[in-house]
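Visitor: The residues making up each chain are set out below.
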Amino acid sequence: MNALRRGLGSSLVQAFLVVVGLVWLTPLAGLFLSSLRSAQDTARGGWWTALKSPGQLSFDNYSALLGNAGMTQAFWNTVLISVPATVLVVVIAALAGYAFAWLDFPGRDAIFLLVVALLVVPVQIGLLPVAKLFGQLGLFGTIPGVVLFHVSYGLPFAIFLLRNYFAEMPKEMLEAARMDGGSEWRIFTRLVLPVGRPAIASLAIFQFLWVWNDMLVALLFADSSAQPLTVELQSQIRQFGSNIDVLAPGAFLSLVVPVAVFFAFQRHFVQGVMAGSVK
Amino acid sequence: MTATLLKEASPPTVTPAGRRRRARRRGRIVAVAFVLPALLLLGALVVYPVLFSVGRSFFDASGTRFVGGDNYTEMFRDPATIKAVRNTAIWVVVAPTLLTGLGLVLAVLVEKVRWATAFKLLLFMPMAVSFLAAGIIFRLAYDEDPDKGVLNAAVVSVHDAFSGTSAYPAARAREGQGLTKAADGSYGTTAPTKPGHTVGLGLVGVLPADLPQGARPAYSAARRTAASDELRGVVYLDFTRGGGGEQGRADRNESGLPGMRVESLRDGHTVASATTAADGSFRFQDLGPGSYTVRLPASNFAPPYEGVSWLGPALVTPAVIGAYLWIWTGFAMVLIGAGLAALPRDALEAARMDGANEWQIFRRITVPLLAPVLTVVFVTLVINVMKVFDLVYIIAPGPVQEDATVLATQMWLVSFGGGNNQGLGSALGVLLLLLVIPAMVFNVRRFRGSQR
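The listed protein sequences correspond, in order, to chains A and B.
Numbering of the first sequence is given in the working numbering, commencing with residue 227 and proceeding in unit increments.
Numbering of the second sequence is given in the working numbering, commencing with residue 53 and proceeding in unit increments.
Don't read these hints as lab results, they were simulated from the structure.
One or more of the hints may lead you astray.
To be verified - Straight-line distance between alpha carbons at most 30 Å, and here's what the computed DSS-like set of lysine-lysine pairs gives:
1) A:K358 - B:K439
2) B:K233 - B:K439
3) B:K233 - B:K246
4) B:K439 - B:K164
5) B:K246 - A:K358
Every value quoted in this text rests on a predicted model; they were computed, and no experiment measured them.
Turn these sequences into a full structure, and let the hints steer you where they fit.
Guide: Here you go:
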C-alpha cells in the first residue's frame, strides 16, 4: 500500500517535472523555429505550424544575417569587447587579490573592506559621470571605453573572489617559496596562478558572460561603429513584429556562444554564477 | 633619495635592522605595484563616479544651479517616477518571493527523480542567455495575436475547448422578418408559436465561403410538418447566391446553418434546447400545449475569443516578471538544492522513522533547517531585481513602456532618453545605491565575521 502510494507519488512528481521542463524549453524552441522561417510564413501563422510542415524551415535568414555588414561587425565588436574585458579583469584582479591576501602594505584591510562594499554598487550610478570623463579623454563611443567600464565594475567581485581563494593557500607553501629566494612576481606566476586556476576559471567564465550579454553599458558607451550585437538588435526592436526574420536569428546567434560556454564548462559556470550572485 | 643611494653604495656597513627595514620597504613597493592598476580603475571609474553622482543630484537639470533636495522631492512628485518606484516595489516583493518558493519546491522534487542533473541543467541554462535575447524570446511568446504568440495560442485553444467557438460571429437577422434581437445579443421569434408548427429562422451576414463544410440546403427541412407535440424549424441563410429568392423564406438553394444552438422558451423560461443539423433543421419533442418562442442564444454570435493582452498596460509588469522567472528559477533551485544536500540526513531519517509524512517533514524540518540558505537566495534576488533594466526595456512595447517602468529604466530615460535631466537622473541613481546599501552592510559584516 505504502509502496503503491510512493510509486504513484513519484510518477506524479515525474509528470510535473516533465511539464515544467517543457515549459522551460518552449520559449527557446519558439525562438529557434522562428529564426528558421521566412517573413511570409511568420505573417501567416505561429512557429508551431512548422512542426506540421517542416518545409518552412531553412537557414536563409542566417545567410542573410551573415551577409549583413552591420550584424557581422556587431558580432565582432561583441568579441572585441568581451575577450579583453575578461582577460584584463582576471589579470588585474589576480594581482590585486594576491596583494590583498599575502602582501603587506599600509591600509590593506581597510581598502579591502571598501572593495567588499563596492560589490553591490549599481552600474547605473556610474553611467553619467564616466560618460563625462570618457568624453574628456576621447574614450566615449569607443571599444576601449566600453572595455574599461566593464573591467572597473567587474573588479570588486573579481578581487573579492580571488583574494578569498588565494587566502586559503597554506602559509607554509608561500614561505617555502620565499625562503628559496623567489621574487614576488615569480611566486605569483609560478605558484599562485596555477593553484588558483579553478577560481580563475569560474571568474573568467562569469565575467565573459556578463560582458557578452551586456546591453546597458554598450547602449551608452558604444557609438554605431563600436556597438555589440545586443545594441544592434535592440535598435531594431522598435519594428518588432515585422522583422522577426532578423531579430530571431540575431538573438539566437547572440545566445549560442554563452550557451555553448555554459554546456562546455557547466561546473565552473555554475560556481561562477553562484559566487557572483552577490553582485 | 641621497640616503638610499649612499646605502646602495656601501652595503657592508648596513645593520641587520636596516636591511630588514629596506626589505620591508621594497616589499611595500612591490605590493603597491600589484594593487595599483585595480585601485586606479576602481578610484577613477567607481568611487569617483559615486561621489560625483551624489553631488550632482543636488544640482538642477543643466548642472549650474544648486537646488538642495529638490530632485529628491521631485522624484516623489513626478507621476512617472512614482510609477517607477511603485513598479520596483512590486518587483522586489513578487519576484524574489515567487523565485524562492518555486526554487524550493523544485529543489525538493527534483531530488526524487533519476534525471535530476539534466533537469537542473535545463533550468539553469537561461542564466547564460542575455536579457536582450530573453526579451526577444518573450516578446515573441507574449504576442497578442493567437497566430503569433504561443501563450495566447494556448490560452485561446484552452478557452475554445471549454466554452466552444461561435460559428457565426457576423450573422444577423433582417429587420421585420420574424426575428427580434434582444439586448444580450440573442435573437427570438417575434410572434409566439406552438407545437405542431414549423418555423423558419432566416439569417444573413454569413459569407458563403464561411459556411461550415457539409452544410446542406434547408429547403426540404423547412417544408416538413411537425407532429402535434413537437415544434420543428430550420435556421438558414436567407440569401440566394446570384440573386433571386424570396426574403423570409427558405428557397430551393438556400443553405441551412448547422451547429446553431436553438432554445424553446415558454413564459420566459427555457424548456428545451437543441443544435441544428447539417440542413439547419431542429426539433423539440414532447412539448406540452401552449405558446412558445424560439430563441437563438447570443453564444452563437459571440465574437471570437482573442486571448489575453499580456503586454497591455494592466499585465505588462506581471508578464515581464514571468520572463524573469524563466531566467532565474534555475539559479534559486540549484542554490537551494546545494543547501538541501548539506542538511543532516539523520534528522530527516529520524522523522521518517517516527512516521512523519513527506509534507510534515518538508514543513517542520526541511524548511526551518534551510532558512539561512533561503535568506541568502532571497537577499541576492532582491539586489538583482532592484537593478532590472534590459528585460523591461525590451519586452514592454513603446506605448506601454511608461506603465512598465522601473527605477533603472526611469533613471535611463530621465538622464539619456529624451528627459535629459541629469540632476534628477543622478538622484535616481543615488536612490538605487541607497536601496542596495543594506546589502552592502550585510556583505561587509559577513566578510568581517568570516575573518574572525
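Visitor: Each hint: holds or not?
Guide: Tested hints:
At most 30 Å may separate the alpha-carbon atoms for a hinted pair to count; K358 (chain A) and K439 (chain B) meet this at roughly 22 Å. Of the supplied pair hints, the one linking K233 (chain B) and K439 (chain B) is violated, its CA atoms being roughly 56 Å apart against a limit of 30 Å. With a C-alpha separation of about 20 Å, the suggested pair K233 (chain B) and K246 (chain B) falls inside the 30 Å cut-off, and the hint holds. Taken as a hint, the K439 (chain B) and K164 (chain B) pair is broken in the structure, with Cα atoms around 35 Å apart against an allowance of 30 Å.
Of the supplied pair hints, the one linking K246 (chain B) and K358 (chain A) is violated, its CA atoms being roughly 87 Å apart against a limit of 30 Å.
Consistency note: the structure conflicts with the earlier hints numbered 2, 4 and 5.
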